[in-house]
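Undergrad: My request is simple: use the sequences and hints to build the entire structure.
In case you want the letters, here they are:
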Amino acid sequence: AQSVAQPEDQVNVAEGNPLTVKCTYSVSGNPYLFWYVQYPNRGLQFLLKYITGDNLVKGSYGFEAEFNKSQTSFHLKKPSALVSDSALYFCAVRGQSGGSYIPTFGRGTSLIVHP
Amino acid sequence: DTAVSQTPKYLVTQMGNDKSIKCEQNLGHDTMYWYKQDSKKFLKIMFSYNNKELIINETVPNRFSPKSPDKAHLNLHINSLELGDSAVYFCASSQDTGRNQPQHFGDGTRLSIL
Chain A
1 AQSVAQPEDQ
11 VNVAEGNPLT
21 VKCTYSVSGN
31 PYLFWYVQYP
41 NRGLQFLLKY
51 ITGDNLVKGS
61 YGFEAEFNKS
71 QTSFHLKKPS
81 ALVSDSALYF
91 CAVRGQSGGS
101 YIPTFGRGTS
111 LIVHP
Chain B
1 DTAVSQTPKY
11 LVTQMGNDKS
21 IKCEQNLGHD
31 TMYWYKQDSK
41 KFLKIMFSYN
51 NKELIINETV
61 PNRFSPKSPD
71 KAHLNLHINS
81 LELGDSAVYF
91 CASSQDTGRN
101 QPQHFGDGTR
111 LSIL
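Taken in sequence, the protein lines are chains A and B. Position 81, counted from 1, in the first sequence is what the working numbering calls 81; the numbers after and before it change by one each time, with no gaps. Position 6, counted from 1, in the second sequence is what the working numbering calls 6; the numbers after and before it change by one each time, with no gaps.
Do not rely on the hints blindly, as some may be mistaken.
As the list claims (entries may be wrong) - Restricting the straight-line Cα-Cα distance to at most 20 Å, the calculated cross-link-like pairs of lysine to aspartate or glutamate (EDC-like) are:
hint	chain 1	residue 1	chain 2	residue 2
1	A	Lys22	A	Glu66
2	B	Lys41	A	Glu8
3	B	Lys19	B	Asp38
4	A	Lys22	A	Asp54
5	B	Lys40	A	Glu8
6	B	Lys52	B	Asp30
7	A	Lys49	B	Asp96
8	B	Lys41	A	Asp85
9	B	Lys44	B	Glu82
10	B	Lys44	A	Asp9
11	B	Lys41	A	Asp9
12	B	Lys40	A	Asp9
13	B	Lys52	B	Asp70
Derived from the structure by calculation, the hints contain no laboratory data. These numbers come from a predicted model, not from an experiment.
TA: What follows is the structure in C-alpha cells.
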C-alpha cells in the first residue's frame, strides 16, 4: 500500500527566510509525486510534480521541490518566504491499485509566514 | 471562467435527510473525482469517474451514490445523512487517468449535519 507522511503539522518561518515543508513517501514502483496548496475556504491548487528526470522540480509561485530517491523524500522549498505563502500544503503520491492510479494525500502542513 | 464549480457551497441539514451536491468542470477533462476532507483537514478520495464510467470506489458507505450524466458533470447524492458525514466535499478533475496528471479542485461544499 502507498502512503505519504508529512511529519510537521505546522512550520513557522519569518518573511524573507527560506522555507522547507517535508514529505516522505512509500509506493511500489516509480513514484509520481505532487504538491498542492490550500488557502482558507478554497480547494487545493496544484503547485508542482515529479515524474522523472531532474531531482529538482520548479513550480508555481517560486516554489520548488527536491526529490531524493534514497531517502524517499520530496521536500517543498522556497528561497524567500512571503506572508502570502501562509496556507496548508499537501504532498500526494499516485500509485497503482488494480487498473487505476489512486491518489493518496499526506495529512497536510500548515505554513505560517510571519512578517 | 471557473474551472471546477460545485453547488451548493454550504449545506446545512438534519440527520436522516437526503441531499445532493453538483459538480461541473469546463476544462474538457475526462476524469472527475469526489473527495472528503474532515475537520482535521485529512483528504480522502471517495470516487472517480472516467468518461462517465466508475473507476475508483474507495470503501464508501452505500448511502453515497455518485452519478455522472456526462464527462463534464459528476454529482454526489447522499441518503440518510449521519452526523459523521459533516465535512467538506471536494470535486476535482484531471485530463485523464494518467499517473502524471495533476488534479484541479473546486472550492468545496461544506456539509453540516444538525
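Undergrad: Each of the hints needs a verdict: does it hold here or not?
TA: Each hint tested on the structure:
1. A:Lys22 <-> A:Glu66: holds, 10 Å
2. B:Lys41 <-> A:Glu8: holds, 14 Å
3. B:Lys19 <-> B:Asp38: holds, 18 Å
4. A:Lys22 <-> A:Asp54: holds, 19 Å
5. B:Lys40 <-> A:Glu8: Answer holds: B:Lys40 to A:Glu8 is near 14 Å, not above 20 Å.
6. B:Lys52 <-> B:Asp30: This hinted pair holds, its Cα atoms lying about 8 Å apart.
7. A:Lys49 <-> B:Asp96: holds, 16 Å
8. B:Lys41 <-> A:Asp85: Holds. B:Lys41 to A:Asp85 sits at ~18 Å (cutoff 20 Å).
9. B:Lys44 <-> B:Glu82: holds, 18 Å
10. B:Lys44 <-> A:Asp9: holds, 17 Å
11. B:Lys41 <-> A:Asp9: holds, 11 Å
12. B:Lys40 <-> A:Asp9: This hinted pair holds, its Cα atoms lying about 11 Å apart.
13. B:Lys52 <-> B:Asp70: holds, 6 Å
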